[in-house]
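In order, the protein sequence lines correspond to chains W and L.
Just so we're aligned, residue 0 is where the first sequence starts under numbering that gives the first Met the number 0, counting upward by one.
Just so we're aligned, residue 0 is where the second sequence starts under numbering that gives the first Met the number 0, counting upward by one.
In short, the hints are calculated from the structure, not lab data.
Check the hints yourself; a few may be wrong.
[To be verified] If you only want the chain W side, here are some residues facing chain L, beta carbon under 10 Å, derived:
id: 1; residue: M0
id: 2; residue: K1
id: 3; residue: R3
id: 4; residue: S6
id: 5; residue: Q33
id: 6; residue: L39
id: 7; residue: I104
id: 8; residue: N106
id: 9; residue: H268
[Said to hold, decoys possible] A short, non-exhaustive set of chain W residues, derived as facing chain L with CB atoms under 8 Å:
id: 10; residue: A4
id: 11; residue: Y7
id: 12; residue: A40
id: 13; residue: R107
id: 14; residue: R186
id: 15; residue: R188
id: 16; residue: D190
Just so you know, even glycine gets a beta-carbon here, dropped at the ideal spot from N, CA and C.
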Amino acid sequence: MKARAFSYVRSETLADAYAAFAQAGDASYISGGQSLVPALALRLQAPELLVDLGAVAEMHGVTLDGDMLRIGGLTRHAQMLTEPLIARHAPLLAQAAPHVAHPAIRNRGTLGGSVALADPASEFPAMMLAMDARMEIFGAAGTRLVPADAYFQDLYQTALEPGEILVALHVPSVGPRHRWAFDELTRRRGDYAMVGAGLQGLFEEDGRIEHIRIAFFSVAATPVRVKSVEAALAGRKIDAALIAHVQGLIDAELDPAEDEHLPPAMRLHLARVLLGRLLQTVSSPT
Amino acid sequence: MNFSIDGHAFSAEPHPGQCLRTFLRERGDFGVKKGCDQGDCGACTVWVDGAPIHSCLMPAFRAADRKVTTIQGLASGDALHPVQQAFLDAQAFQCGYCSAGMIMTIAALDETQRADLPRHLKGNLCRCTGYAAIHDAIDGVVNVSDDIAGNACGASLPNPFGPGIVTGHARYTMDLDVAGLTHLKVLRAPHAHARIRSIDKAPALAVPGVLAVFTWEDVPRRLYSTATHEDHLVDPDDTYMLDDVVRFVGQRVAAVVGESEAAAEAGCRALTVEYEVLPAVFDPELAMAPQAPVLHHKGGEAHGNVFAEIRGEVGSIAEGFAEADAIHERTYTTSRVQHVHLETHGSIAWKSDDGRIHVRTSSQAPFIAHEKLCHLFGFIPADLHVFTERVGGGFGGKQEMLTEDLCVLALLKLGRPVKWEYTREEQFIGASTRHQMTTRVKLGAKADGTLTAIEIRVVSNTGAYGGHGSETLAASLSSPMSAYRCANKKGEGFVVYTNMVPGGGFRGYGASQSTFAIECAMDDLAKLLGIDPFTLRRRNMVTADDWIEAIWSGVSDVEFGSYGLDQCMDLVEEALATGPRRPVPAGEHWAEGTGIALAMLESGPPTEHRSGAVMELLPDGRYHLAVGSTEMGNGSVTSHRQLAASVLGARAQDIDIINADTDKAPFDTGTFASTGTVVAGQAVMLTATALRQNILSYVARITATKPDDWALEADAVVGGNARISLVELHAKGTAAGHRFLAKRKAYLSPRTVAFNVQGIRLAVHRITGDIEILQSVHAADIGRLINPMQCRGQINGSIAMGLGWALTEHMDYDDTGHLKNAALRNYRIPSFADVPRTQILFADTYDTIGPLGAKAQGECAINPIAPAISNALFDATGVRFASLPFTPDRIFDQLQPRP
Ligand SMILES: Cc1cc2nc3c(=O)[nH]c(=O)nc-3n(C[C@H](O)[C@H](O)[C@H](O)COP(=O)(O)OP(=O)(O)OC[C@H]3O[C@@H](n4cnc5c(N)ncnc54)[C@H](O)[C@@H]3O)c2cc1C
Ligand code: FES
Ligand code: FES
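So here's chain L without its partners, still in its complex pose (with noise of 0.2 Å):
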């Protein structure tokens, strides 16, 4: 058959039953992406004829003798698409994963249809930008800023990896050619809770195409979890790689490797296994009732499915409730749903002549998985390489070693590359989630509203393994119990094993899950009170000349770097009286209503969090920096290089920059709980502050002057008139042996705190249970903005993944434990219509802790968005909506008159 693709015309046969997605892969057009391969994401967009469409549901043999151009042909020569620079212009990209696709369906768009986004944008998902820079670019808008040597902190500069996104060479995890490359596909359980009694490879090793079969007595019989953490103490080792007993549906039962990865998956199909179905039990609270099933008999089962238990209690909350004159006590829950990461989980390992193991993989965390699998294959440190190259997203879902380790198996023993790709299905049944919590929240207060007790139990439902359960539950407890003054605070917590999904790290870790029971508390009460429910806030809310504390009477690190949580709630306030807003749309039974909420949380992990860059001078008068932080779309790489290039009076383009990898970067802990800058940021701060004190020394040492004397420019030293151009500096002090290299370490304390508050006005049918927003506000302490434009980006990405949980997503299962939505059909996450304008505001503060005055800011802005919709309901209706989500059918079902 005669294809032509991006100007290359070539016949070739497809295989049979091939989509072009696939067949365009295997040809190296790496920038088409896989997102769903259900028709649902956009990421594989091209066009066909001139039209768009999604080559994953397109059998490749149809584009014979038509013209197909992918985002690699888009470009003419050198001078890019107008769409592909106004991506570039308004930066409408943050992992950059879904680009390809946008761009693909935005170029084809005509007058009228731009007219008309959310429904032409429909088929474009995006998970991390909330939409706000994609419309930027469509718009127009120029968002970057101009790159100042000097002036590189507070500018809204460029990803130095655009280009590469914008033109699909960008190479993510799985965007790589390996010669004599095998595949791995895993079967799932079908079973919630069962035994395997036995597995017979022989159908599977009969399939051809397949080498090998993996079962559970094939792995090492080591416990641990796949949660990253710096103390791996923190989370149970629960889990075999493979195990003999599976105890949710979708766990792995056994790994089949097979030269295509169709051979892989009907080798899968081919097993047969026998199962002995145990007793499952998927709700908590059941699950700690005493004649529950027990999943684990590892040393624990004493305390029967309760892995961790947290409590503590300050002042005297009888006493506290004793002196209040009005109590509000209630149950809120939220739900399950998933990171929906656009690039699914993957690896690929292989070894390289020397006979070193390098993984790639698509991690938050490569170094605590370098040190997992050590642990798991006793591995000599030196002999093992894991690196991540671009990640499409995390979000927490990251935070987990899930394909590394059967990857690597599968090198040991074949000797042959791996490659294990997830499909979209299993990112909802054998990935992570959202830990679901139940919380119960009482408080008490004088007529006033001066809260007098504040009392919390929360029940966190971790599934199967324990990953991240006990630190989630820890972080429900702390920051969103540290928000309010009150002097008698009393929570308690439970991690319960379930036979369900397990639970993991996402953004806004327990945090998210508790804030939106205290936040919608706070209205239940201030209604019940009869206060306004700003006022009630500020009366309570922690203040400067507080010292912080959540349950817990002992001392913490964490500390007031700066503080703007009273600007935030001005501003707010201020926005929502006064800002843009779309007005309540026509026809009867809307009824309309506002809603704030309030989140605080600390800046980084209570575990230990460290992070290490190497900085150097190059002989062109550039610099290198290595720092081992994941970039997945959180913009560290750029904000790295912005403190970097403020230390060293450069400009951000000049310094090259590489990261996330075991073998060129010191060790990092991993990106999560916001560390990017705070912990990251500082290492970067500290190596380029002594390569500045390195260079400068030297030229006081061959100048016979004193340091101070002395200033970096963009391409030079200065000190009075005299001028020495590093390019010559470089020569010369490396012919005398001096090496203008430096390197540290950060470590995470003390901690600051952050501030975030939201603000809803929407209107409510009350009939059909619509919901409209009318007008969304953000107002962010974050200390200075490194790079405000980033800052935006990841708040709007966080609004919009909060409104998603608010509004549209659900795992919803059946009663044997099956997920019903494993697909982004109906496992809505927010589409370009979902999303509102958000007006986002800062507070002007500059953190004494953090960076530069900078302070975490990945997560914390997802906290107070459900709580803020739910007390806008609650203003519109009168009728409190205390369980995620809020589903149209669940909004008609509780506004329905009661008999």
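Isolated chain W, as found in the complex (with noise of 0.2 Å):
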């Protein structure tokens, strides 16, 4: 099918893209373009104007501030493998991102567009959640920052009001205590997780966890933390009996919703094991 003709414009501020997009009855943002296209091919979106966020500065570039890493939204899915910065202060990006699409499409996609999205079976959306990212949001009242437990709503449905922009992504940087993992369960390499989890904790010298956060993915209508699980990872040394007791808490935390191509019973089985794994990771220093 061929998208709907829309007209297009390249914003160089986010004040320009978000008065552009205001004044169009029916505009779509454009970042990689890499999930919009498709959706314009298909005629699921048909918007008349485009509102190229390409050129909008603040949206580039990765930069330390203190402890905490910002991430421009347009930084694409490529940079998470080459970017020092990111393998230095967020490495759960760096392990996440070669599970995402594949090269032509990495070359592309950006964080932003990836977060801004949700869908609920992507990798990076989750590991804002494990990692307790800040969404960097312009709206009507400037900017403001929401926390990663705040952002995911619902199914594609975020914190971002219409026309209001992810500018950035804050990320906590980790120390040498730090611990964190990565897996995904996929019905053919390389394809969208049956599902997947990342997780990210402060360890003690001596390997208890002091806290953790763990984030799953494919599993529900948003990405969703397992907060009984990290409740009782709390405190706790990981070993087979630990794992085997936080598997048993899976079923009360996730419902994953009735879907023919996998019954929930399996999807529930592959969280537990797929926590196990990870568990069993960061059970000796990353």
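Mind assembling these two chains? They're in different frames, but the hints should get you there.
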């Protein structure tokens, strides 16, 4: 199918982009376009105007400010694998990135686009939860920071109000006592995951967990944390018995929807398997 | 806006909403291909500022002020990029449709990325090669051998169109600029069964750029079948070009022609159609029930939805089962899958100044399409020209006339050239599929394993139209039932109409489905008897001394032109025991198992099949060969040149070839049923032999010697010390009125048989359902290898397709008959990562029926793949997976301990 004919503006500032969006009756922002363009071609979306964010300076670049890493929304998936600051301060993103699509898509797709879209099967949005990131959002009242826990609301539904722009992602930098891990189970290698998860925790010198955040994706309408598991792990050292115990908490925590490709029972089962693997991975220092 | 494409700077304004892919193609950069328009296949890959991207996912305006490089700009001048050269050296393509994107991706990989190819090639799909030759190219392997005069046969010679393929200059069906082109699109049915009450054309005609709308009231009311066979009576004439009843979701409802594709699509959306929804039936068993809604009322309704029924018995199975010490009985089912040739269906039709109509199409059977168009429109055959250029894969999907008819209709009505190109979604909902078959197998055997009775019952879900229905059913009851020797055999089969997308021809053609059932059943029986699967098969498999018999006692024209099944079994057994394999992955819960399966396939169809060729000696001492059969990646142009060259003592490169063109080549039924070698190849052989005779006789005449005194060499005829160059001979002969020309035809009879045996070693993860193929071994008995590299390529491609059928591919429908996964994103054909390397071995045979000892080989390698995997899973887990595909959820489900 052919996309609807649309007009196009390329804004250089957040304010311009916001204004252009607001003026048009029916507009979409475009970042990497890797989700938007297929949606346009299928006419799942048919805006009159595309507002290209590509030239907005505030959305570019990765900078460290104290112990917060600010990753511009336009940072491409491919850069998660090459940017030294990300490797050093937000290694979970680098670990997840090879699992996201394939190189040609990663050369275009952006972190901001992925987190703005909030596809429940996507890797990066869940990592925002696991890393306790803050979303920098530009709207009518200027810029605000929204914690990941408040950001993901429902299927494709985030704290972004219509017209608001996800400017950057702020990620707390990891220190020497952090451990992290990422994994996913796919039908065919490189596919969207049947179930995936990432975790990041602060560990005591003796290996006890001070606190940990574990986020699953592809199990619900949004990426989700498994809070009872996190709580049960706090203050404990990982061993086989603990793993078995927290695996037992998964069923009460997750409630995957009926889907004939993958029965909920199997999704839960895979989530338990994955949780076990991830905890095993971080039972020794990363 | 300013663009720079392959070093050319220019300014242009892309259409609003246009993607870079169509922007490039509109400029004539046809090297950039379309396989999906969704970011899934990679055929459209280009570089933007040096980084590979999918041009279908980039709005064209975003390429402004950037440097765009396509496959056509990759070489520097005449010097190929090293990856292009590597693709030529390894011949890393068959149809070549994926090559442009593949090369652009690979050429941008750095060393670390090359070390992890499964990840980095995930975005580039190839349906033909099974990725083995692509891997070779990346590793710098040279697969081609030298083209030595007189030694062409048996050499791994390259595809003559290779240089065009790797540089993006090869022209596929849609790669043509036609002045004044209009675009056709169809509206497809939203209901599985409905009568069209009315269609309001007015809103569509009001859309700017829409030129015409055609409905069932505008087409010749003539029944036909979209399936192409030499004998049109084998397929039921149950189809109208456009009908007032729709019988599956996706059936054509109306055609809209516009100045652009976008206008035609907008016209389709604007049409108002009123439907009377009718009850629908999707399950063939339910469709056979007396109260089921009957799909067709064209004279056969006395049989309800069963339009073909085939039965046969040899010996007495009642007695056979009475004699048996053990009986095994079970039902096995195969799934509906799509061919996913990377080039979608399409054709372009136009009129020349002399009033003739020309149709350029992506077809495996342009001559039969020609006949069908003459039938539909009442053309005088000479007024119509149908041809192919490069065809981007077929696999049986293009043994069908799906687009040509409406293009011609629109051309006749509008007088302007018309193009219709399928989208990937249309491939899934509006093209053909593999017939879903359910096969009940009952085997009786003595305690020592000797079979006493084989009985099968096959129910084939042909969908809404019956093309290929009875032929695939007959095939399912034929070779697979002949593969085992047994005095008592019985088969019955039913082809049933349902409100599903139609079935069609698909590599393996019905035999794949029943081979799956029978080969799984043989291992089930082996387990029951406590006999090893090799032993059970060896005890019962057909031997060269046996009479070839399926379920009919009548005589057939199938004979052993050679026999190598025993060798194939030995080769696979040996390789499984000693060959290279990967270790079981680390960690708990992996179960390891091995499985084998064998397959027998008749070389060519039981229906008539014919082909023809014309050869000529050219003034420069080279030859010209015209042959009717289509090259779609099966390699026939290469092997036909080799056959001709070996007869003429020439080099393959001395032979120019043209194929699949109703004006320029003699009639050929079509490239399907593995006939490229055994029929068209035979025609080439006969023609080349006749031309050799022509040349030698002429030399004998003018020198007053005998033809036997002379022999043909690369550039000359040689006799004793005398040597006359072909250039000189041609000049002399033509001056004297002699013609160095020959034409011959070939028919398919008798038919020989080919064998394939597959061995699989795998590990299955009991907890996640993951399957890792640890070892894959394939032995083929396909006679003499005319081009060993190509034979390997066909087998690798078949194995990959078999893996897809077994593990990842499945057309998934909701209960109203809508396909849920009509995209490559969730209809998963194997990617590089999914296809293990297969050790391919060949039986040493020389066929007495096929040309120069060769047999058919394009199809049968797929048949033993899925059952070998099921058998390996059975060996690993003790659980029989009897329904395709073996997806993780099914594995998980069946491996759960039952209360
Ligand atoms: C074949 C294929 C495979 C893929 N596989 C995966 C995968 O395995 N895992 C995965 O996570 N993703 C996958 N993707 C999606 C890919 O990662 C997308 O690039 C990403 O989800 C969206 O990023 P983008 O920059 O391309 O956003 P765009 O496509 O430009 O935009 C996406 C949506 O977000 C809106 N938007 C974009 N940026 C902003 C912003 N800054 N503020 C507010 N709204 C904004 C747009 O209006 C649009 O609605 C795949 C895509 C393809 C085509
Ligand atoms: S056509 Fe662009 S990825 Fe398939
Ligand atoms: S050669 Fe790759 S798709 Fe045909």
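Checked hints:
1. M0: holds, 6 Å
2. K1: holds, 4 Å
3. R3: holds, 6 Å
4. S6: holds, 6 Å
5. Q33: holds, 6 Å
6. L39: holds, 7 Å
7. I104: holds, 6 Å
8. N106: This hint holds: W:N106 lies near chain L, its Cβ roughly 5 Å from the closest one there, short of 10 Å.
9. H268: holds, 7 Å
10. A4: holds, 4 Å
11. Y7: holds, 6 Å
12. A40: At 6 Å from the nearest chain L Cβ, W:A40 passes the 8 Å test, so the hint holds.
13. R107: holds, 5 Å
14. R186: holds, 6 Å
15. R188: holds, 4 Å
16. D190: holds, 7 Å
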